[in-house]
Amino acid sequence: MKQNIKKAKRHLTKLRELVSRRRPPLAEVNEEKVLDTLRKTREELWDKKFAART
Amino acid sequence: MLLVLDSNEFIFGFGVARKPSCEALLDAITEAPSYAIRIPRLIVEEVGRHLTPEEFREFIDFILSLTVIDEDFVVSFELGSKYEAKGLKPADAFIAAYVEWTGADALVTENRHFLRQCDNLPFRVLNAADCIKVMKASR
Numbered sequence: 042m043k044q045n046i047k048k049a050k051r052h053l054t055k056l057r058e059l060v061s062r063r064r065p066p067l068a069e070v071n072e073e074k075v076l077d078t079l080r081k082t083r084e085e086l087w088d089k090k091f092a093a094r095t
Numbered sequence: 015m016l017l018v019l020d021s022n023e024f025i026f027g028f029g030v031a032r033k034p035s036c037e038a039l040l041d042a043i044t045e046a047p048s049y050a051i052r053i054p055r056l057i058v059e060e061v062g063r064h065l066t067p068e069e070f071r072e073f074i075d076f077i078l079s080l081t082v083i084d085e086d087f088v089v090s091f092e093l094g095s096k097y098e099a100k101g102l103k104p105a106d107a108f109i110a111a112y113v114e115w116t117g118a119d120a121l122v123t124e125n126r127h128f129l130r131q132c133d134n135l136p137f138r139v140l141n142a143a144d145c146i147k148v149m150k151a152s153r
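Protein chains in written order, with our numbering: chain A, 42 to 95; chain B, 15 to 153.
Treat the hints as calculated values from the structure; they're not laboratory data. The hints are all genuine.
In silico lysine-lysine, PhoX-like type, Cα no more than 25 Å apart, as pairs:
hint, chain 1, residue 1, chain 2, residue 2
1, A, 43, B, 150
2, B, 96, A, 81
3, A, 50, B, 147
4, A, 74, B, 103
5, A, 43, A, 55
6, B, 33, A, 81
7, B, 100, A, 81
8, B, 33, A, 55
9, B, 147, B, 33
10, A, 90, B, 103
11, A, 50, B, 33
12, B, 100, A, 90
13, A, 89, B, 100
14, A, 89, B, 96
15, A, 47, B, 150
16, A, 74, B, 33
Can you make the complete structure from the sequences, with help from the hints?
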């Protein structure tokens, strides 16, 4: 796998521009709440994957 | 230096929530080819849950400029079970097993509780600020 860091930088810049145009719900809460939200997202996705396998 | 970035690094690094050290980490990764990342499908999906479809397309293009996306099934059940036996929840055990499977030098996460109770890990667990220090020291 060959990295293309210039291309990655372009996409990173564009992504940050897109995010800055809106007010994401996670931007309104503190770091612990963000981490807690992401923990819940992980558990939900994992449960969904596990349920799909059984 | 091979790194696995937890989903929170991308969320903070893209500005969905703000944390300058995470933004600096992504900047550092896109400024020097000496740092490589790996990412499993699960983390891609976690990040995607908090992006718009247009942002998600940029995220995928960003990732595919740096690495490939590993499907979750590449990690053996036995390796995941090893971390579950250490007390991790199944999804967290999978992430730990994935990091070991890749042979990465470190898992980077802002979750200071994640894996801190596990001894003798075959990789380091760093937050973005400490990872940047390690990266600077290795230059």
